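Student: Each protein sequence line maps, in turn, to chains A and B. When we follow my numbering, the leftmost residue of the first sequence carries the number 7, and every step to the right adds one. When we follow my numbering, the leftmost residue of the second sequence carries the number 12, and every step to the right adds one.
Worth flagging that the hints you see were computed from the coordinates, not collected in a lab. Predicted model only: the values in this text are computed from it and were never measured. The hints are all genuine.
Taking beta-carbon pairs under 7 Å as the criterion, some of the chain B residues facing chain A (in silico):
1) F300
2) P301
3) A310
4) E398
5) A403
6) A406
7) P408
8) E554
Pairs of lysine to aspartate or glutamate residues, derived as EDC-like cross-links and limited to a Cα-Cα distance of at most 20 Å, are as follows:
9) A:K146 - B:E398
10) A:K146 - B:E117
11) A:K158 - A:E185
Ranges between beta-carbon positions, derived for each pair:
12) B:W317 - A:G19: 40 to 50 Å
13) A:K128 - B:R410: 27 to 37 Å
14) B:R477 - A:S208: 34 to 44 Å
15) A:K128 - B:L537: 52 to 62 Å
16) A:D244 - B:S134: 55 to 65 Å
17) B:A551 - A:G19: 22 to 32 Å
18) A:H260 - B:R477: 58 to 68 Å
19) B:R477 - A:A26: 14 to 24 Å
Here a beta-carbon is modelled for each residue, glycine too, at the ideal position from N, C-alpha and C.
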Amino acid sequence: MAEIPVAAIQTRGLTRDFGAGRGLFDLDLEVRPGEAYGYLGPNGAGKSTTLRLLMGLIRPTSGSATIFGVDVTRDPVRVKAMVGYLPGELAQFGDMRGGQVLSLLAGLRGGVSAADIRTLAKRLGLDLSRHYREYSRGNKQKLAVVAALMAKPRVLILDEPTSGLDPLVQQEFYRLIAEAREAGATVFMSSHVFAEVEHTCSRVGIIRDGRLIRDGDLQEIHSMRVHRVTISFEGDLDADALNRIQGVSQARVHGSLLTCHVQGDFDPLLRAISGLRVTNLVSQEPSLEEVFLAYYADESAVEPVAASEPEPETAPEPVTEPVPATEPPPESGADTAPPTDAESETAPGHQAPDPGDPEAHHLARSAFRLRDWLGSELESGPQRLGEGEKEGQGPELVEPGRTDPSAPAPGPAEDQPPDQ
Amino acid sequence: MRRATRFTYQAFLSHWRGILVIGVGFGVLVVQQATQFTSLFGSGATNNADAVAGMQSLARTFAVAIPPPRRVDTVAGFVDWRLLGASTIYLAIYALITGAAALRGEEETGLVDSWLGTGLGRSTLVIGRILAFGLALAAAAALAALISIAGTQAAGLPLPPGPLAITLFMLVLPALFYFALSMLVTQVLPSRRGATGLVAALAGSTFVLANLSYVVAGLSVIRWVSPFFYFDQGHALAEGTEPQPAYAGALLLATALVTIAAAAVFRWRDVGAPLIRSRDRHHEQAGHFPFYPRRLLTATIWELRWTIVGWTSGIVLLAALDTASIKPVTEGFGTSTALKTYLARLGGGESQLALGFLSFAVFVLGATLVATAAINVVARFAADQQERRVEALLAQPLRPLDVQLARIAALLVAAVVPTGAMFVAVVFTAKWFGIDLHAAHLRGATLMVLPLALAVGVAGVAMLPRFTRLAVWVLSAALGLSVVVVLVGAMSAWGVPDWATRLTLLRAYGRPAVQGIDTSGLAVLLVLLGAGLVAIAVQARSEMTAG
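Using the sequences and the accompanying hints, generate a full structural model.
Tutor: So, in structure tokens, the structure goes:
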């Protein structure tokens, strides 16, 4: 008889109600053994609460959670013996030296070799002889990383693990997590940064206001990514032409400087400027937090998918900044005319961004996409792969301003034609 | 300028608890001492002369700890000698601890970075900090003056309001000096704790120097280095003395110089690092981690080692000094009926003056101090929670109950060590001075300290998971009230109703050195202790968050 696989992490209706609508509510989640799960959400969404519930540090109001079948509330000691935990808020160890802190924690855990601690500290560039109070924010984070990994646990629960780490150390951290996964460890990691989750995880959950509103494959995230791109070039460029390229928006040319936003694949933009000499290229990704903040700046804007289907005739406030509110369907994107003012009107109920602030406008637009992506989940709860969508394929995107809801929506970026 | 004013105002507000405690505390104590004067004096010229002689004898015995008395036959002289002269050292200790936390402590929490990030200058920060503390002390002195003048006027006690107010303002000057000095020294030395200890030792030695300089002629040459000497010479509460503003001016000038030095050091050094840095010891390169206990119990006790050593040293010193004082006090007071009556109130009655003094000055006071040490330990545990060290421990395979049990064990050690040391100090000092003590009562008085301290401490530990911030305040209030009702009330013959004293912790401790163990009091303490343990067991799975 085949052994029934036990989920590495499983929650059923897990709730911790802090009152006044704060907390975590009805979390149903399952992380398979060996999987790396990214837990995304803005600040205050309930990420740390979830992780602390899983660690048995706080107790649920209702529901349950298990780690490898062991109930975190009933037997937290057994659970913690399996788990390496990196807290979101670091403890203050004052006068203790880094080595003393790790020596104490290793002693309490048992079965940790001093050699492993030294190896980890060396890889992360952490000086264990220094007083904890002398550590920088990054070094304190490194110490917390070592503390979480030193016992080679079966499960890693990490709360914003790269916070405060420099890019080089972040890379080393990603390697350490990859090695842990190769050794069979399950990773459950909270973050509000796409890139961090992208480096580490294969599955992603998104939490908002204490509720899991999305649970799916990492590929779905890719379709949401929007980059702010700044390119220094030599030659001539037509901003309007660039705005017509699939995935490119907000293109502006000031002398030899191009600024634009790119969603999804970069290839169409790179092809368009391939005839120019590019002297500098900077690409920035807004954090998920920014997107969420823009999205939830006005609570009245929170509406399900239908809200993203504007009715141009009755749209309230025109937006002076030209925004391609009606994005082309994949098959006709290149031929679509630049958006008109009427087309760039906002959806009913959605607060128009400050016309003088293109950044806010962009964020609002990105948020709009995100809302579309999440829209159906806002009222109906989390959706999993296999529930209304195909494995490996993103959810249906409904672009703002699309007048025909039945028209085919663009899929994830990788499903788009490479060049329109 | 506006920024500096705002910063100074914020820093001033941060001392509101100190202002309240010092202001109300001194105000009430002045009234209490003035009231006590009337019960000791005023029953005839002969008795008054005897009382003065007794106090002068006492002053000779305690020349190290109290400045010489001036006109103790008047309310002003009595209050000045009994209360104000000796209290300068307590204020100075409070000030130097606050000074150590004010700059270096806030650097560790990142607060200084935040302030400097607003554009506030480094010198402005240091000067603003010291100025704010000075203003806070002045506010406390004003509050104390207000309460004490109102209290004594209402009671019809002849305490001159003007000199009293001036004296209270001058009282805080040595404290301000040590605040500034502490800010300076903690910036220079590698260890903040070591620097604080050094400044405390300096405060203690200059205090003793100022007092001894009146009886040891050779010391008068160097007593000008002691800030306490300037207070002593500058203030004029007792009749026949005149205020000397030059002394206050000199002390303020010294404080200003130290302030400038502290500001200069802060401009020079890196934020977050002392001027003299300790050499890094690269233990891990040699394959060794720096020593630290690896078990929860030993680590919890180890973390309290300096707290235990500090409290034990203080309690042992007090026990030895007070035991050594038994004969001089009782013999010196012997000729005064009023002072005899006063001593009799301490617990031994007319027939056992020496034992009453021992019971009060050593055991009741010692029990209070050990219970205070237990509250101090609870405060450390609360800080462990608030600074998330407990959460780091609980991320390991441990139960919250394990943490609570380790805390109780550490509390036991923190109570047993000073209590045992106090017992040893009393026995040895008594033998040294040829004092016969009732062995059984001595043991009883010592053993009764433990249920008192543990009842207080365990109650605190039981409160910590849910009431992290509140626990220390509740315990301090309960013990403080107990001290006021039982100790101060008894000394001042306030006539506190019996039912009120029965509600206090110190009443449960009783007077075992005189009367043996009070079983009903012991039962009360054991019930409290048991209730605390049950509460801890019931909360075995409670969250232990940052509060």
